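In case you want the letters, here they are:
Number of protein chains: 2
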Amino acid sequence: MTTAPARIVGLRCRACGRGAPLGPTHVCELCFGPLEVAYDYTEVAPLATRAAIEAGPTSMWRYRMLLPYEAEEAPVSLGEGLTPLVHAERLGEQLGLRRLYLKNDSQNPTNSFKDRVVSVAASWARQQGFQVLACASTGNLANAVAAYAARSGLRGLVVIPDDLEPGKVAPTAVFDPVMVRVRGTYDDVNRLCSELADRMPWGFCNINLRPFYSEGSKTLTFETCEQLGWRMPDEIVIPVASGCQFVKHAKALDELRQLELVEPGRPPRLTGAQARGCAPVATAFERGETHIVPVREPRTVARSIAIGNPSDGSDVVRLARASGGVVTAVEEEEILEGIELLARTEGIFTETAGGVTVAVLARLARQGRWSRDATVVAYITGHGLKTVGALEGRTRVPEPIPARLRAVLAADPGGLLEAGQPAARRAAG
Amino acid sequence: MTTAPARIVGLRCRACGRGAPLGPTHVCELCFGPLEVAYDYTEVAPLATRAAIEAGPTSMWRYRMLLPYEAEEAPVSLGEGLTPLVHAERLGEQLGLRRLYLKNDSQNPTNSFKDRVVSVAASWARQQGFQVLACASTGNLANAVAAYAARSGLRGLVVIPDDLEPGKVAPTAVFDPVMVRVRGTYDDVNRLCSELADRMPWGFCNINLRPFYSEGSKTLTFETCEQLGWRMPDEIVIPVASGCQFVKHAKALDELRQLELVEPGRPPRLTGAQARGCAPVATAFERGETHIVPVREPRTVARSIAIGNPSDGSDVVRLARASGGVVTAVEEEEILEGIELLARTEGIFTETAGGVTVAVLARLARQGRWSRDATVVAYITGHGLKTVGALEGRTRVPEPIPARLRAVLAADPGGLLEAGQPAARRAAG
Chain A
23 MTTAPARIVG LRCRACGRGA PLGPTHVCEL CFGPLEVAYD YTEVAPLATR
73 AAIEAGPTSM WRYRMLLPYE AEEAPVSLGE GLTPLVHAER LGEQLGLRRL
123 YLKNDSQNPT NSFKDRVVSV AASWARQQGF QVLACASTGN LANAVAAYAA
173 RSGLRGLVVI PDDLEPGKVA PTAVFDPVMV RVRGTYDDVN RLCSELADRM
223 PWGFCNINLR PFYSEGSKTL TFETCEQLGW RMPDEIVIPV ASGCQFVKHA
273 KALDELRQLE LVEPGRPPRL TGAQARGCAP VATAFERGET HIVPVREPRT
323 VARSIAIGNP SDGSDVVRLA RASGGVVTAV EEEEILEGIE LLARTEGIFT
373 ETAGGVTVAV LARLARQGRW SRDATVVAYI TGHGLKTVGA LEGRTRVPEP
423 IPARLRAVLA ADPGGLLEAG QPAARRAAG
Chain B
23 MTTAPARIVG LRCRACGRGA PLGPTHVCEL CFGPLEVAYD YTEVAPLATR
73 AAIEAGPTSM WRYRMLLPYE AEEAPVSLGE GLTPLVHAER LGEQLGLRRL
123 YLKNDSQNPT NSFKDRVVSV AASWARQQGF QVLACASTGN LANAVAAYAA
173 RSGLRGLVVI PDDLEPGKVA PTAVFDPVMV RVRGTYDDVN RLCSELADRM
223 PWGFCNINLR PFYSEGSKTL TFETCEQLGW RMPDEIVIPV ASGCQFVKHA
273 KALDELRQLE LVEPGRPPRL TGAQARGCAP VATAFERGET HIVPVREPRT
323 VARSIAIGNP SDGSDVVRLA RASGGVVTAV EEEEILEGIE LLARTEGIFT
373 ETAGGVTVAV LARLARQGRW SRDATVVAYI TGHGLKTVGA LEGRTRVPEP
423 IPARLRAVLA ADPGGLLEAG QPAARRAAG
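Heads up: the sequence lines are chains A and B, in that order.
The numbering used here numbers the first residue of the first sequence as 23 and each following residue consecutively.
The numbering used here numbers the first residue of the second sequence as 23 and each following residue consecutively.
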């Protein structure tokens, strides 16, 4: 293995603080807590200036000094990250928020935030000599792993539950990974992959490569603050699956503050969003506990976040509480309405997980959680094209008409005949 | 209407040079040629410096000084443009090109380059007081118009052929535009919309707003040269539908050279890509003519570029010839192989139109068109998720197996059991 530079100290257990050498491992030998990459921030600081970051690549790799990748060789990249932070004026108007922003991470190479984490994992794995890039996945991760394996020349291996939506299988198969379909839930798949990672010399992004992989999530929050003019928002609404990215957003905020990259101020409240049909974290939060009771049979259209036994669930509850945030779950109908509300007000089409985020945002706004001037950011983490089926029967496709002017005028579609006069012309006439 | 600033002179006919006032019109009254926006480049020049552009927004609007939008008000934007320019080393290796680049415009808000043109059209239309933003479309444009209408608060109206792929209808319907399905081909739809644009006070992006709309295409080429370090490539491969964007890329190169934004040098050859099943422009090119014989019944999976009577076809032939480029058409099987080749080598999943582009690129490379060191750029203009159906039956989805380690080992998926040992560990062992 190459020598790690001084800015990367090694791995460290998030629970007990015990150190471990850098390597493909993710569980503390002492307490079984999660291992994280530890940095020497005195080494990072000279590299992490606003000017240096702004002059960097127009991708998440402008934050390379805060990511665990050190080789001379360029990282495995498809231009992930630096996705738009959209000021949502029309949605904000409906929700009574003047400063509502959407971080649209569906605009990534494979259309979900998973490209961020996989780009880091693939870069590290290739540099370490791994030949197989693998994952357990509910779909989005498989899509990203298959794409980045192709891009990097590693062999891709994706292990997926057999009932995954076809819409998520075909766009993964096109990258020609080895695909293993397993009878069972995501949690079954995940257990199986843990065994495989122990036995085989394969790099599983979300298992033995997890400490590296998960660091990629931080860039979403780095960029959000940069795009707000190096200011922290008042609250961030984040979808919760394993809880991994939620935890990393908290770490990202700590780093931004420690490195004095953001203006001083109260760190944002971190709020989690789940679907009621698989809401182990929201349930723990509501009960005032941190212990997570696993959900054995997730039942929700929001498949990409339906993890019944979330590895970082307890930490999510703690971080939400400590920051002043909440973890809220919404019903199935709210999820679909959330997708439609976002599409109709802002022109952004998100997958079911994004519907969960928007539904939580809408519910909390209507409950009066925020003042009109609060800066609230919602993370939209995946694209609607991946879960089109969820909307089946909800959109009306009109009957065809003949290709003649009088047929259109007779139909008066949408009552448009009365509308549509340009204001300027009306004034002139 | 607001007073246009000095940098925008008005409209001007591309064929006869006659001027016209700025307004929602696209055909020269004198010669029926296409109207374009004309600039006073002495006014543009002080604004169009490399430093100013690089300090601008991380979207195509960093080129605002070269776009026909002048209001104080922010443009209607979802963060379109500044998409990745990917150095395609693995695909390049297969094709004998060390400097092959892919401009991945599928990473736009609605996953095609149409977001660029619609963002300009919507901005101009809203500022002029239009209340309806409309289009004739083969799918991608309808998707973009519906999204940007939602974003801007204008009413969306999309007119589409009745046989459009369902995969393209649902993601448009979610934005809740008025949708008119018409019996006939795209050319029938287009004729109908021309009549509607004459009669109704609606802004049709690709008809009466066309001079403004089409300017957005230029940003694809502006960005490509910027991302190459303000250098022009040797050749650009561009999919050809109406030919509109092809013509605008030539204009963009003229502007970059005139404003001395790019290093001096020979301007790139411009090469067009069509599907043989609807190849009126390639056919004219091959015959050594400029006259376009319309194709009455397009027959290709590449629906989004299947325009039988392309309005700018003759200009494409002229510009390709003058620049030293070609216009080439490929067969259906090549298109699908092009999609797969791109996915498996670079991790980018493109729609059928992108398959056409890659297939033309691959064919020309194999014919020895380029030296190993030529800088070749291919424009990948839309996302594979929009035409997943085209690959039906080509990807093998494996039978499910039990969630047990020994089941995986017994299956030895992809023959991976022999592979995958990290090089570092092998060396150590």
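What the hints contain is simulated information worked out from the structure, not anything from laboratory work.
Hints may contain errors.
What the hints assert, rightly or not - Pair by pair, the computed Cβ-Cβ distance ranges are: (1) Glu-421/A with Trp-252/B: 38 to 46 Å; (2) Thr-64/B with Ala-96/A: 52 to 60 Å; (3) Gly-251/A with Val-419/B: 22 to 30 Å; (4) Ala-429/A with Tyr-63/B: 44 to 52 Å; (5) Glu-308/A with Thr-71/B: 31 to 39 Å; (6) Ala-344/B with Gln-116/A: 35 to 43 Å; (7) Ala-429/B with Glu-51/A: 26 to 34 Å; (8) Glu-353/A with Ala-77/B: 29 to 37 Å; (9) Gly-175/B with Gly-45/A: 26 to 34 Å; (10) Gly-175/A with Gln-280/B: 40 to 48 Å; (11) Trp-252/A with Trp-252/B: 44 to 52 Å.
Predicted model only: the values in this text are computed from it and were never measured.
Every residue, glycine too, gets a C-beta built ideally from N, C-alpha and C.
Do the hints match the structure? See the list:
In this structure the supplied range 38 to 46 Å is violated for Glu-421/A paired with Trp-252/B, their Cβ-Cβ distance being about 52 Å. Between Thr-64/B and Ala-96/A the C-beta distance comes to about 41 Å, which lies outside the given range of 52 to 60 Å. Evaluation of the 22 to 30 Å hint for Gly-251/A and Val-419/B yields a failure: the beta carbon distance comes to about 47 Å. The hinted range of 44 to 52 Å is satisfied by Ala-429/A and Tyr-63/B, whose Cβ atoms lie roughly 46 Å apart.
Evaluation of the 31 to 39 Å hint for Glu-308/A and Thr-71/B yields a failure: the beta carbon distance comes to about 56 Å. A C-beta distance of roughly 52 Å is found between Ala-344/B and Gln-116/A, which places it outside the suggested range of 35 to 43 Å. Between Ala-429/B and Glu-51/A the beta carbons are some 29 Å apart, a value that agrees with the proposed interval 26 to 34 Å. The supplied range of 29 to 37 Å is broken by Glu-353/A and Ala-77/B, whose beta-carbon atoms lie about 46 Å from each other.
For Gly-175/B paired with Gly-45/A, a C-beta distance near 54 Å fails the hint of 26 to 34 Å. For Gly-175/A paired with Gln-280/B, a C-beta distance near 42 Å keeps the hint of 40 to 48 Å intact. At about 28 Å, the CB distance of Trp-252/A to Trp-252/B disagrees with the hint of 44 to 52 Å.
Hint compliance for this structure: hints 1, 2, 3, 5, 6, 8, 9 and 11 are not met, and every other hint is.
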